[in-house]
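S.K.: Residue strings, one per chain:
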Amino acid sequence: MRYFVSRVMFFVLTLWAAVTLNFIIPRLQPGDPAQTMVQRLAGQSEAIDPAAIRAVQIMLGLPTGSIFEQYVDYLQAVVRGDFGISYTYFPYTVTHMIAEALPWTIVLVGVTHVLGFVIGTLLGAAAAWKRNGKFDTVVSLGSTFIGTLPFFWIALILIYVLAFTLRWFPEAGGYSGEIDPAWSWAFFGDAIYHGILPALSLLITAPIGWIMGMRNNMVHTLGEDYTRLALAKGLRQRRVALTYSARVAILPNVTGFALGLGTILGGTVMVEMIFGYPGMGKLMFDAISNRDYPLMQTIFLFTTIGVLLANLCADILYGVLDPRVRREAQT
Amino acid sequence: MTERASLEPGAVSPEGAGSPLLSVENLSVSYAATRAVRDVSFQLHDGEFVGLLGESGSGKTTLGNALLRLLPPPGRISEGRVMWWGSARTGEAREGPEPHRAGRDLTTIGQEDLRRLRWREMSTVFQSSMNSLNPVLTIETQFRDVIEEHTAMRGAPARQRIGQLLEMVMLDPSYMRFYPHELSGGMKQRVALALALALRPRFVLLDEPTTGLDVIVQRSILDNVRALQREQGFAVLLISHDLGTVMEVSDRVMVMYAGKIVEDQRASTMIAEPMHPYTRGLLGAYADPRAREVEIAYIPGRPPDLSRPGQRGCLFAPRCQEAIDVCRAEEPVLSAMGQGEAACHVAEAAYAAGDGRRDQSARAGEVFTAPAGRTDRGPRVERRQEVLAVAGVHKRYRSRRGLKVTEVDAVQDVSFVLRAGTVTALVGQSGSGKTTLARMVTGVERPDTGSVTFGELRVDRLRGRGLKAYRRHVQLVFQDPFAALNPAHTIGYTLSRPLINHQDVTGAALRPAIEELLERVGLSPASTYIEKYPHQLSGGQQQRVVVARALAPDPEIIVADEPISMLDVSIRAEILELLDTLVRERGIAMLYITHDLLSARVLADEVLVLHNGKLVESGATLEVIRGARDAYTRQLLDAIPNPFATRRG
Ligand SMILES: Nc1ncnc2c1ncn2[C@@H]1O[C@H](COP(=O)(O)OP(=O)(O)O)[C@@H](O)[C@H]1O
Ligand code: SF4
Ligand SMILES: [Mg+2]
Chain A
10 MRYFVSRVMF
20 FVLTLWAAVT
30 LNFIIPRLQP
40 GDPAQTMVQR
50 LAGQSEAIDP
60 AAIRAVQIML
70 GLPTGSIFEQ
80 YVDYLQAVVR
90 GDFGISYTYF
100 PYTVTHMIAE
110 ALPWTIVLVG
120 VTHVLGFVIG
130 TLLGAAAAWK
140 RNGKFDTVVS
150 LGSTFIGTLP
160 FFWIALILIY
170 VLAFTLRWFP
180 EAGGYSGEID
190 PAWSWAFFGD
200 AIYHGILPAL
210 SLLITAPIGW
220 IMGMRNNMVH
230 TLGEDYTRLA
240 LAKGLRQRRV
250 ALTYSARVAI
260 LPNVTGFALG
270 LGTILGGTVM
280 VEMIFGYPGM
290 GKLMFDAISN
300 RDYPLMQTIF
310 LFTTIGVLLA
320 NLCADILYGV
330 LDPRVRREAQ
340 T
Chain B
40 MTERASLEPG
50 AVSPEGAGSP
60 LLSVENLSVS
70 YAATRAVRDV
80 SFQLHDGEFV
90 GLLGESGSGK
100 TTLGNALLRL
110 LPPPGRISEG
120 RVMWWGSART
130 GEAREGPEPH
140 RAGRDLTTIG
150 QEDLRRLRWR
160 EMSTVFQSSM
170 NSLNPVLTIE
180 TQFRDVIEEH
190 TAMRGAPARQ
200 RIGQLLEMVM
210 LDPSYMRFYP
220 HELSGGMKQR
230 VALALALALR
240 PRFVLLDEPT
250 TGLDVIVQRS
260 ILDNVRALQR
270 EQGFAVLLIS
280 HDLGTVMEVS
290 DRVMVMYAGK
300 IVEDQRASTM
310 IAEPMHPYTR
320 GLLGAYADPR
330 AREVEIAYIP
340 GRPPDLSRPG
350 QRGCLFAPRC
360 QEAIDVCRAE
370 EPVLSAMGQG
380 EAACHVAEAA
390 YAAGDGRRDQ
400 SARAGEVFTA
410 PAGRTDRGPR
420 VERRQEVLAV
430 AGVHKRYRSR
440 RGLKVTEVDA
450 VQDVSFVLRA
460 GTVTALVGQS
470 GSGKTTLARM
480 VTGVERPDTG
490 SVTFGELRVD
500 RLRGRGLKAY
510 RRHVQLVFQD
520 PFAALNPAHT
530 IGYTLSRPLI
540 NHQDVTGAAL
550 RPAIEELLER
560 VGLSPASTYI
570 EKYPHQLSGG
580 QQQRVVVARA
590 LAPDPEIIVA
600 DEPISMLDVS
610 IRAEILELLD
620 TLVRERGIAM
630 LYITHDLLSA
640 RVLADEVLVL
650 HNGKLVESGA
660 TLEVIRGARD
670 AYTRQLLDAI
680 PNPFATRRG
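Taken in sequence, the protein lines are chains A and B. Numbers 10 to 340, taken from my numbering, label the letters of the first sequence in order. Numbers 40 to 688, taken from my numbering, label the letters of the second sequence in order.
The following block holds chain A by itself, in its conformation from the complex (with noise of 0.2 Å):
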């Protein structure tokens, strides 16, 4: 129990001290925040467009009150969710634009993870349980060889067979122009269909990782006494397999598949780009291809904390998998 409560404690100090660094760092130059960390991004040469210090202006909070005022009101926008206009999207607010990309991405990458995760672990056990047999060279040589793939290469490839060439899914885009983005079963019905592809080539590509990493720490499992001496208990080979062998070996692979959650919020840019879907990915790419500043300090914020939970999910997953991390030896 100490464990997992120390665990919740320290995420909870390191968000403290991400959303406070992002509070401190911009108030650290001398000057106006706004306007060096507009000079910053944009470069020392190019003209500085008034409209975005404003925008950046209104997202700092304007410098009134003590540090410590200006803190509180920092801490109780982000409470609020408050994190000012968007430059790009005027007159929507920052909250606004993440909220409508982000269960895109939650959807899209979430799902896929999660899948990706199945399948490859599935996959590799099975392909370690018998090993050099037909079934392991298959799924070893195939991993390898889609492995070797570029990512866009495949999904071209999908976009060019699946839709332009037999026209069985959308080329790109969330959804249908026709339909009124809506808490609809039509509406959903689509965005699903719109899916398909981008989740297929995803799928394609996730699980290759997994895959291969449990093949292997499996292999290695599958040759430890205690496996050996489950054999020799006389207990029935699934349970062998599972209990003994996948068991062990799944371990190293279920932090990798926490820390991966921790992308999400960030989107995944290149499939979200090739496919038109709107995520976070996009948004991302649109803020900073616009220099949208107060947007991209936002998203980033919104990584971070990603990424912060995703520690804490694997810290927590492998606390309850792994008695060996719980306590401590007594000897």
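Nothing false has been slipped in among the hints.
One side only, chain A facing chain B, incomplete, derived with CB under 8 Å: (1) Gly232; (2) Tyr235; (3) Arg237; (4) Leu238; (5) Leu240; (6) Ala241; (7) Leu244; (8) Arg248; (9) Tyr253; (10) Arg256; (11) Val257; (12) Asp331; (13) Pro332.
Ranges of calculated distance between the beta carbons of each label pair, as one might list FRET restraints: (14) A:Gly232 - B:Ala141: 28 to 36 Å; (15) B:Glu425 - A:Phe13: 54 to 62 Å; (16) B:Arg331 - A:Pro261: 55 to 63 Å.
What the hints contain is simulated information worked out from the structure, not anything from laboratory work. Built from N, CA and C at the ideal position, the CB exists for glycine as well.
Take the given structure of chain A and dock chain B with the ligands to it, following the hints.
M.R.: Coordinates of chain B with the ligands only, in the frame set by chain A:
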């Protein structure tokens, strides 16, 4: 469970009275080109306690794994059968001979049939059980799954049974809630043993069940095994490289060399009359440390490489002092002679001619003698030059868990001196503070109070550059030679480092200097070793390289931490002799750390016995050993396996 008649001495001859429980017929096992087990046949009877003895690499584990059909790839049974005569149990029909028992060949039996036999009929404790428990399951789960797989026992009764099993191996039932990493090595071993006995099997294979544990823990576990075996009557095949242990607990001993069984006879007669020269050599490695004069022998050379094809004749011949011409042409087969069986031409001829007496003494091999008091190293100990003095040192470790701070007094008020040309043995159980003291001598650890002085130098006050310079004078020899050598570097490279760093030997002078070091530790001709990598050498040769590296900076002090405990019995004496020669010829002061009083007796001038951080006994070796006053010292003496002592009941 009733006591079995077959346990009485003499009731079972190796040939077997009645039908066997397990019979191995012409079994051969190979790993690709390596023929690890070659044409082995033997029988095992109900309730028999049989030892399988041999040095590492002789094929013991392979044979054991083959019996249970647990060979790891690429291991393969290339020939022979393993017949199991104990049919699947029905009720208590296992008492008394069963004339119509049908045998089943374990090497060909179907997977499902085999699975049902496993653990109910035959179970095992693996070599190095450190890793044979699943790290993510509780002890209880690991008992429960096998109990539920093979019996109808569930829930509370199963739990109760697990508790009983743990108590049987002297562990508190509450340990069942623990995970393996929360137990010490000895406790894990006990758990593995209890697990093996969970379903009251008829046959238990124990593969080096206590190797690597503290001697006193070893002793207690083996006594426990033997008592349980007497009580429950299961048959045991105990695999070990430690002759003393095997001889003491087994009814019958089989000796394995280069994949073959070379001798098989009752332990009681084997001690008096070993037949095979190899067995005779092994027995020579034991002696009573309390004797006025102690002689221990070793068998020079090393076992053959079983992956080389076309080897003819007796594979022991290159190391055998009794070899005759026919030995090199024809491989002897295991056949009845004397009171048992042996595979040796000379022994066979001797028994055919009469009572088997041979010209050579039973102590075959090279002999290393320790006289009552060491005078061969120069003047009396007290007059030899003092090199390092440890005076009144204390060390307390604090460890914090949560808010609780626990303090351990690792070393309390210890004083001693190391003298030139003198070996000082530091004896004690693990955790007694030996390592902490050794670290103070090397300057790695500072005492809280007290001093360590080397000449004019206060070692306990050194830091940085000074400490680095001091290291040249103190060198270490570790327990595990392979771990101490970098596997990626050749022997030549490994030895060149200290020569370059400490002795400023460079360029053309380097190679002769390396060769000289190798020759000095008996690796000759040196040129054949320079280009080799550690894994290409045997354990004994690796340890010689480690010693050579320690000699390179020309140190005044060598700290040797259990330098022979990982080596095979047949070559331990060889390394002891090497250390002895170096100390004598180069006037080195040696701190020899061990818990083996026999080796301390042979090598050391003085002994310091450490218990819970305190010096409980010290003085001249023979005096300490003979007049052991401290309870702990006596316990250590009792823990030395001694095949010649009267066997324990
Ligand atoms: N998994 C393996 N692969 C290849 N060779 C092996 C393997 N295990 C053991 N051997 C070889 O088989 C021989 C016997 O080894 P082993 O049965 O472990 O002996 P012991 O238990 O007596 O030390 C040795 O030469 C060893 O190198
Ligand atoms: S057969 Fe010959 S070489 Fe082999 S052990 Fe006997 S005497 Fe020695
Ligand atoms: Mg072995």
